[in-house]
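S.K.: Once you have looked at the hints, place chain X on chain L.
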Amino acid sequence: MYLAELAINGALVGLMYALVALGIVLVFKASGVANLAQGALTMVGAYVVWWLAAGLGAPLWAAMPLALAAMFLFGRGLERVALRRMVGQPVIMIIMLTLGLEILLRGAAPALAGATMKRLDIGIGQQPIFLGDILVNRAYLVGGVVALALIGLSLLFFNSRQGIMLRAVSDDQTASWAAGIRVEQAIGLSWGLAGIAAACAGILWGSVQGVDWTLSLLLIKALAVAILGGLDSIVGVVVAGVAIGVLENVIPGYIDPLVGGGTRDLVASTVILLTILVRPFGLFGREDIERV
Amino acid sequence: MFYRLAGIRHTSYAADRALWPVPVDRWQIGVLLALALAAPFVLPNLYLSSYLLPWIIWSTAALGLNLLMGWAGQIHLGYAAVMAIGAYGTIHLVRAGMPFELAIVAGGLLSAVIGLVFGFAALRVKGLYLAISTLAMQYLVDWIISHVPAISGGSQATLQAPNFRVLGLPVAGDFARYYVALAVCLLVTLFLLNVGRTSFGRALVAVREKDFAAAILGVNTFYFKLLAFWCSSFLGGVSGVLLAFCYYRAVTPEQFNLDVSIQAVAMVIVGGMGSVMGSYLGAALVLLAPIVLNNLVGTLAQAGALPVSQEILSHIPLILYGGLIVAFLLFEPLGLAKVYDNLRNYFLVWPFRHARH
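These protein sequence lines map, in sequence, to chains L and X.
All letters in the first sequence, in the order written, are residues 23 to 314 by our numbering.
All letters in the second sequence, in the order written, are residues 5 to 361 by our numbering.
Pulled out of the complex, with its shape left as it was, chain X reads as follows:
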């Protein structure tokens, strides 16, 4: 009914390789894109700058992390540290007079290089050891940033993001910042959508499934793991820059502490590992669920219907992140993307359930 076709049947390689093989998907994307472009003119300013903008930026970050966790199957518990490196690097470069377009790339490269140094250390080992060494990286980078005054400007300092221009136009006001973030997010999305179609993406998937088997097939696993680390750190750095310049407009070390790393990992797992759309869904749920639940419980508590203390209210985000991670891993390890996929598959062949492809 919705899709007007029962299953997907390819008749050519081009159709097989299409990003959106079903016409309705293409229309959906078009509509979403139009909505995203029109959002500043439709949405009230509050919603734009405190819900939509962070969602776009965090989706970018989740996409970067998803490349590493979902496609390459490597775990990273220090993603916020990577974002911090990009953010601090770019702020210092822009302050020194570098154009923003170059500085954001330079910040990403800085993240990628430092991320790679840790990646070298970490990728000799895997699984558990990788998790713990990236955790150690988070602590180390946190410490260095907050204890070296040349980087953070003092231990309790906040660095203001300078005014910046993109393509000669000054970026001022919520509209402009939103469009900058959206543009970067779209670029990253396009990159990740295409990763699955390249030899790079297929090699990553092979490494994820079983690295020895991939090595036997002639995939240089170490090289591809490093490359995945490099790309993911680059994207992390770029999204850190967006977070610093477009959303917070300042950086402090606390913006990139361990909890933020865990938040990013929660987005990837809740959204669905190895899914582009999942990254958006995961970022939305992880960002919005605590706000919504807080408001809901807060309203109920004020109405006297629910006897909760301020202490419970302030711990709702943590409980929710943890609860979401646990619940999704136990009940739907492939995340929201899989939930959507199930629905889509159901309607794809509706009403002929037996024809499920």
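Chain L extracted, bound-state conformation:
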């Protein structure tokens, strides 16, 4: 029973990790760029919602869509201002650029909004839900379900006209250029969608653990999810998210009493290392064969 409780809550948290990882996967799918700024984007999303709701006094039903729109524009803006200039540069440069953006945002957002933790109440109660004997955290349940729905939506999106365009671009940029697809637009769109994913994740995580800079630490979990699932697979994100969430809850539940705590922080990095050692392209990713 203890195990089931840990596993279910873990799986729900994992789905919320998956939502953060979705931003990484969307960008990687479209442009082959590792988006190491997703943690900070999530944090910015949470700050934006908090600012709209608490700072401007907007009601929540208005603040959340506004924040989504703002983050869409912010993501596109990042791509337009920073990433587009780096096309054709070595991959190490682009990784460093996104990491630089992550650090910049991590410093700038708390500096502008204040570093103390903000409470973001989106009207999910505190009291737990009981499924039989199993105690489920209400915030995690709502978060997990919303995350799953959003990831499902993004799967549907890939069947729309815009989505097919994105798929073409992720398959072969030059060929889609030749077919008349505006590749820059598509990559910009993927960053905008990453911004939306970040805003959603920011709202959920902000309501769970409060809004401050520590939200950007979700980056390492999201990276673990994205790597384990395969960097270009949305289904992989869900599976890996659940897997990592469960591992992260179950392993400390049993091992922490033995080694004196703190193993939770270790799970994500261990999963990353093992995945890269055994199967670098992840569970569902496409194996990248480099041709000379």
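No wet-lab data here; the hints were simulated from the structure.
Please read these numbers as outputs of a predicted model, since none were measured by experiment.
Glycine is no exception: its CB is placed at the ideal position from the N, C-alpha and C atoms.
Among the clues, some could well be false.
In silico lysine to aspartate or glutamate, DMTMM-like type, Cα no more than 25 Å apart, as pairs [what the hints assert, rightly or not]: (1) L:Lys140 with L:Glu206; (2) L:Lys140 with X:Glu315; (3) L:Lys140 with X:Asp263.
Covered stretches of chain X, going by a simulated chain L footprint (3 or more residues, C-beta under 8 Å) [claimed, not checked]: (4) 25 to 33; (5) 290 to 304.
DEER-style ranges, computed between Cβ atoms [as the list claims (entries may be wrong)]: (6) X:Phe226 with L:Ala80: 51 to 61 Å; (7) X:Asn299 with L:Leu157: 47 to 57 Å; (8) X:Ser313 with L:Gln231: 18 to 28 Å; (9) L:Val103 with X:Gln306: 32 to 42 Å; (10) L:Ala80 with X:Ser313: 16 to 26 Å; (11) L:Val103 with X:Leu297: 14 to 24 Å; (12) L:Leu280 with X:Pro166: 30 to 40 Å; (13) L:Ile151 with X:Leu297: 46 to 56 Å; (14) L:Val103 with X:Tyr51: 35 to 45 Å; (15) X:Thr303 with L:Leu157: 47 to 57 Å; (16) X:Leu292 with L:Val257: 40 to 50 Å.
M.R.: Okay, now just chain X, sitting in the frame of chain L:
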């Protein structure tokens, strides 16, 4: 005017291979070296121990990282973890009674070996995967250091660096510590200056430009990537030792967390990848810019001229690291070294701009 020659023309292989082909450069280096040696007697103690000393040590670290990032083209986001391994290893060895000269090498070797273990894992993959696995290494090493009491002495503990002797002389006081750091820094600088002239350096550059092409030319890419990882981790360990013994005189896990890794990467990128002088410039800018800006904004805020809160002040370093990395990658990917190089090239042929070589 300054250089008294228009362009560089070599007439012999020896001239081509010279470290400083232009006489003025040689003079510059001489003057800088003399200044560095004389600094303790000229500078006030505060400047020596809180600006010059960390700059020297961080330049050493940046040089080590630059070998990996600039020459070999591999990314490393866990450099602080490597430095931590060296620092902790050496402190424990010196405490156990090993002479410092041996212990610093042993600490470097320990870093190199552990770095290599991760390198093995990481070098089967490249680019993005390498970045993420070194990031994971940072988290793992951080965790192990702070959670194993035998290493860190407890989770919140600070290990004091013991008193140590170099070549039989006790190293006490800021002067002695400065000279120890300077000596190591000069050795590392000499090594890196010469790397570019060896087959090792040329192989690294070939691997950086395109590893498959290098393999076709007969360069064993895996071996050279590992060797670069090994050397760079060794240098990282040594600079971690300097940081622990000469600057902080103690170690805590927080001195080597992820932010420190990012700081090191920022130094390399801001300074210029693949440039020895760039490492010095980058370390200077990344170390000093937050201090200067903090003081400036703080003074202005106190004078009431600039309405900033304490919160903005405390976040200035992060904003600055991030901003510098982004700005340099976008506008001058080769960093401060390239800026200097442009200036130098301009004056090298001045006033005959058309004769740019």
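S.K.: So, for every hint listed, does it hold in this structure?
M.R.: So, going through the hints one by one against the coordinates:
1. L:Lys140 with L:Glu206: 37 Å, violated
2. L:Lys140 with X:Glu315: Holds, at roughly 14 Å.
3. L:Lys140 with X:Asp263: 23 Å, holds
4. 25 to 33: violated (count 0)
5. 290 to 304: violated (count 0)
6. X:Phe226 with L:Ala80: 51 to 61 Å: For Phe226 (chain X) and Ala80 (chain L) the Cβ distance comes to about 56 Å; the hint holds.
7. X:Asn299 with L:Leu157: 47 to 57 Å: This hint holds: roughly 53 Å between Cβ atoms.
8. X:Ser313 with L:Gln231: 18 to 28 Å: For Gln231 (chain L) against Ser313 (chain X), whose Cβ atoms are near 24 Å apart, the range 18 to 28 Å holds.
9. L:Val103 with X:Gln306: 32 to 42 Å: 34 Å, holds
10. L:Ala80 with X:Ser313: 16 to 26 Å: Roughly 24 Å apart at Cβ, these two residues keep to the hinted range, so it holds.
11. L:Val103 with X:Leu297: 14 to 24 Å: 23 Å, holds
12. L:Leu280 with X:Pro166: 30 to 40 Å: 33 Å, holds
13. L:Ile151 with X:Leu297: 46 to 56 Å: For Ile151 (chain L) and Leu297 (chain X) the Cβ distance comes to about 50 Å; the hint holds.
14. L:Val103 with X:Tyr51: 35 to 45 Å: Holds, at about 39 Å.
15. X:Thr303 with L:Leu157: 47 to 57 Å: 55 Å, holds
16. X:Leu292 with L:Val257: 40 to 50 Å: 49 Å, holds
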